[in-house]
Each structure stands twice: as C-alpha cells, then as structure tokens.
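K.L.:
Chain residues, written in single-letter form:
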Amino acid sequence: MTTQVNSDNLVAINNLTFKRGERVIYDDISLVIPKGKVTAIMGPSGIGKTTLLRLIGGQIRPESGQILFAGKDIPKLSRKELYETRKRMSMLFQSGALFTDMSVYDNIAFPIREHSNLPEAIIEKIVLMKLEAVGLRGARDLQPNELSGGMARRVALARSIALDPELILYDEPFAGQDPISMGVIVRLIRSLSDALGLTSVVVSHDVPEVMSIADYIYIIAEQKIIGQGTPEQIRQDDSALVKQFVQGQADGPVPFHFPAPSYQQELVKGVAIDALANVTQGNK
Amino acid sequence: MKDMMSKKVELMVGFFVALGIAALLMLSLKVANSGISGNGDSYNLLAKFDNIGGLKVRSPIKVGGVVVGRVSDISLDNEDYTPVVTLKIYKEYSSFSEATSVAILTSGLLGEQYVGLQPGFMDDSLETLQPGDYIEDTKPALVLEELIGQFLFSQGSGDE
Amino acid sequence: MQQLQLLGKNTLALVSGLGRAVIVLLSALLHTPNPRKGLPLLFAQLYSVGVMSLVIIVVSGGFIGMVLALQGYTILVGYGAEASLGPMVALSLLRELGPVVSALLFAGRAGSALTAEIGLMKATEQLSSLEMMAVDPLRRVIAPRFWAGFISLPLLAAIFSMVGIFGAHLVGVDWLGVDGGTFWSVMQDQVDFNKDILNGIIKSVVFAFVITWIAVYKGYDCEPTSEGISRATTATVVQSSLLVLALDFILTALMFAS
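Chains as they are written, first to last, in my numbering: chain A, 1 to 284; chain B, 1001 to 1160; chain C, 2001 to 2258.
Simulated from the structure, these hints should not be mistaken for lab results.
Please note that the accuracy of each hint is not assured.
Under the rule of at most 27 angstroms between Cα atoms (straight-line distance), these lysine-lysine pairs were calculated in the DSS-like manner [unchecked claim]:
# : chain 1 : residue 1 : chain 2 : residue 2
1 : B       : Lys-1056  : B       : Lys-1091
2 : A       : Lys-87    : A       : Lys-35
3 : A       : Lys-19    : C       : Lys-2195
4 : B       : Lys-1088  : C       : Lys-2195
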C-alpha cells in the first residue's frame, strides 16, 4: 500500500523500516498525514510512537523508506536543509522541555529571537498573543519550576506555535494530566487546528481523548499498522487487535503475559512434584 | 528585573576578568621583575676567568650587594681555552675604571653564585671601561675540592 | 579468546568515543560566531563557570600559599636560607601548584557542573527541543560553555598563584619574620617571566582545554537517565583529573627538563 505524494498530504511515509539495534520497531509501514487535519497515532506503550515523531523531525534516520515532508525526503536532506525544514514544524515534548534557565516569557520568545531579527516590541506582542491563546498571559514572569505540569505543557504549546509552524507533532500530550488540564489541552489542539489550519500529529494511548479530537487515526502494534480510519470507523473495526486496544481489554491478541516459558514448567522446575502440577491444573 | 540580572552578571564577569588580568600583570611585574626590565639599556663587558664554578647565564652582577647587571653569555675562548663571561651592565653604571676587578662569589654557604664587581680607584692616568673591553683583574670561583686539596697540601708541608 | 574479544570491544568503544568527542568539539566550534547572540551567552557561562569558581580558588590558593610558606620556612631555616622562601613559594605556585591545583578544583567545581547541566538538559529533552526548533544545541549550548571554561581556567590559575603568594607573604613575612624586602627581591631575582610564568599559563591553557572538552562531551554524550548523568559527572571529574596530572608530567618534562 504505497501512498503517493499528494498535495493534500503534508507528510507521507512510504515503506518505512526502522530498527533499534536488533529490535525491529517498524516493519515496512506507510501512512499519510493530511494537511490541516488532526491525525492520531495510537498504540500500546513501548512500540515506538515517539520514535515516529523523531523520524519525521529528522532526529533519527530510518533503516529504509521515505519520509516526505512537503515533498522533501527528510532522511536524505543535508544538515542545513534539515534545519531549514525544521523551521516549518515543531514538536511538543512529553515533558514540555521548557528551558529551565529562562522565564516563561523568554521561553516563548526564544524561537522568535533565534530565527528572526524582529524588534523586541514586536516579539513581545507575538509572545503575549501566544500566551493568550493558551490562557497563561498572567504567567509570563514565572520560571518553569513554578509551573504545574499542565501549565508547563501549555507554555510549551505556546512556544511550539511561536513561529506559526505548518506541522505540530504532539508527543503524548495527555499523559499524566489531571482531567481539567486534559480537557484544556484537548480543546487547544482542536482549536489550533481549526483556527490556524495547522496540521497536527498526536501520538497517544489515551483512547477517549484521541477519539474526541482526531480526524483520522492510525493504530500501530507489533511493528505494523493494524488499523486506520476515522474515529467512527475505528469503533466499528472488526479486527480483534483493534477492538482489544480501543476497549482496553487486558488480554487478547496482544497477550497479557510477556512471552515466557510455560508457567507450569517453570514452577515445577527441579522440584518435579506432580501434586503441584495438579494444583495449578485444578486452578485453571 | 531581567535587565538587573544581566547587569549583575556582566558586572561580576567584568570583575572576574579584570581580577584575572590583574593577577597575571602582578605576577609578571612584581614576582618576575627580571624578564621585562632586563631588556633595558645596557652595555657589555668581558672577563676571563680560570674557573667559573657554578656561574650561570642570568646570574646577577653586584657591586657591594647592589645588582648592576646580569651575566648574558658564557663561552670558552678559542685560543687559550679559558672561560669568557659576558657581563651585561645597566647603562646607568657606565663609568667603571680600568682598575676594576671582578670575582665569582657565592651568596651564603649554599646560595647561588654571582659576579662581584670591585670598582677600582679613579685616576687621570686610568680610563673608564668601554663596551666590549676586557676586565683584566679577575678572581676565579672558589671550588671546594681545590680548597680542601690546598688545605691538605699545606697541612702536609707544615709537618715537615 | 574471550579476553581478546573484550580487548577488541573496549578498543573499539574507546576509539568511537574519541571520534564522537572530536566531532562534538569540531561541530561546536567550527562556525562563524554571531557576536550579537553569542556574547550574552558567553557572558552567562563565564559567570557560572568562572565567577562561581572564584571563592574556592581564592580560599584554596590562600591556604596553599600559607602552608607552603610554613613548610618551606621550617626546612629552609635549618640551612639559614630563609631568604629563599619567596622564590621557593613563587616557583612552586607558578610552575606546578597554581595550574595543577586550580585545574583539579576547576574539574570538581565547574567541570562536574557543566556535565550535569548538559546531561540534565538532554534528559529533559531540552536539547532535542532545540534541535526541533532548528537551533543547533552544539552551537547554542556546547560552544559557549566550552569557551567559558577555556577562558576561565587560566585566569583562575593566575588568581590562585597571586593569592597564594600573598598567603605565603602573610605567613612568612608577617608571622615568621622573614624580611619583606628580601622576600620580594629574591623572588624577583629568581623568577623568570618566560620560563616560569609563561609556562605556567601554557599549562593552564592546556588543562582548560582538556577539562572543558571532557565536561561538555560527557554531558552531551551521557545516557539521559539519572544514573547516566551521575555516571557522566563522575567520569568527568575522574578522567579530567587523571588527564591533568598525566599531562602535567609530560608538559613539565618538555618545559623544564633541558
């Protein structure tokens, strides 16, 4: 299922394979991120969803395959071209990744100061605008260590939209948030996408939040894309794997148990008491 | 608020760098005087010694304990194979008479060796030493082994 | 067989580590600096690397000078040579103790802080975040820290020696009664600018280069976890201290052995 470069797609990933050491993270996957939409990448923890964002950002290189951003193949870009391209995207890290030695204001002003020669008066207006958008204009003089987790993430969001990027990559934006700040962030992601026409990629495993904001969802498990579609299509999906993930069942195609030798065998190892075997048998 | 902070940082950094440079300057000027002032105006006199002992280039030249110059070169005369010491004397001490004598002396029992100048009397019949002149009256360094040898020798002759 | 394989593995790890360290340094330093943005960054780092190390340098310099004077005096007075106290203290400080001890203190005070700070920035994704903002962390984070360390240490070493000489003056002249004029003049007689002061400065410049290089590289290359950072910080102090002592021997052999 090779996807073609299409003017409606900001990012297209074709036949991507990525390994970490010997371990295969992605095995020949392909997906597209449509322009101006919120696309969610879901899947169980530890399958490398964040890795996908780093691949799109060019921080790591895949084994093989194309990652096209606006028609440019990210892994093939020179360093300089890559840095040029990165100015058009931004990433919201799970931890927020605010610069701890700067105030909230300076954090948001940082990318503007780095990439433009705007006078300070204009920078201030932009920063205040971005802070207003996340509802934290009153927190401009605080230091990052004075912010709660939810506020830090909102400040980081304000920083990542400071240069009006075309693409925002959200890494687990809902993880570890209380219900209120979760609601705030859900609303922000949706409204940024609607109001500014931003293309968003949300990596998450919080099913209800993703279902409520995503236009299109990919579910990744076991190195492959196991399901995709609009939230409605995902809910209707017949695949046992998708069902297990969406409904949050403990056991299913993704087994509850980490692969291990037979429990029975391991318990009786070296003891060889039939009685014990019978007991475990009986418990089943 | 932010300006205050950066002003303080700049001030402290300025203080730090100034202190560092001041330390370097003090080390160069107060601790090691010779390196810089040694290049001042001076002229050379020469002296032949039978033995220079432990005299080294840069050893001080003193008149009655006052440093008037430094040894700038030590070499061996090509013809008679005696050591020739070049004495670099500061310009302000430029009128030593021909009767001046030099000796290689030791400061203290274990101290460094230096050149002691003994200015001779001034007389109309005597001229002052010109740059490049040889000082004729020289006393070699005392070498302990020779001294002991002489002492033993004189002891032995005293017995007879 | 296994030992041979282990040797090979360790050699490869060492070589690739060295290679990465060289790459980090070169890509941090080989670019045209932008004075408008670079100078404030350098100043901020000079503050945290240099100014913040001043107290420890001044205090230790003072005490070392005082101890040198006390020890030197008791030895020299036995030969009636206490007039040589000045040059003894000055030469010890300028040639060896100033550059070496201030380098060791600097590795412990500033080097470890540099590694921990950069490592923490890596662990909290601040470095990644810079990369994604199209700002090269090597230039933005590593380069100013490297230059700050490189500039600070020679200045700190000079301050150390100066304070040490005053400390020795306090003990030798003011307390033990060595003549003050003799103390300075014999020192001036014996201390040579090129041989003693310049060589001391060259030593501390070399040490500064080595320590800050190790410190920024260990931070940048560390494993972004708490254990990784603590391992990297320890490695910075241990490796730079050992390297300083080894290099000191080599430099001394080159400079003073005729």
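K.L.:
Keeping to a limit of 27 angstroms between CA atoms, is the pair of B/Lys-1088 and C/Lys-2195 held or broken?
P.N.:
holds, 20 angstroms
K.L.:
Taking 27 angstroms as the top limit, are the C-alpha atoms of A/Lys-87 and A/Lys-35 close enough?
P.N.:
holds, 17 angstroms
K.L.:
Checking one constraint from the list: CA of A/Lys-19 to CA of C/Lys-2195, max 27 angstroms. Satisfied?
P.N.:
Roughly 58 angstroms separates the two Cα atoms, so the pair is violated.
K.L.:
So if I understand the rule, the pair passes when the alpha-carbon distance is 27 angstroms or less; does B/Lys-1056 with B/Lys-1091 pass?
P.N.:
Answer holds: B/Lys-1056 to B/Lys-1091 is near 22 angstroms, not above 27 angstroms.
This entry does not satisfy hint 3, going by the numbered hints stated previously; all others are met.
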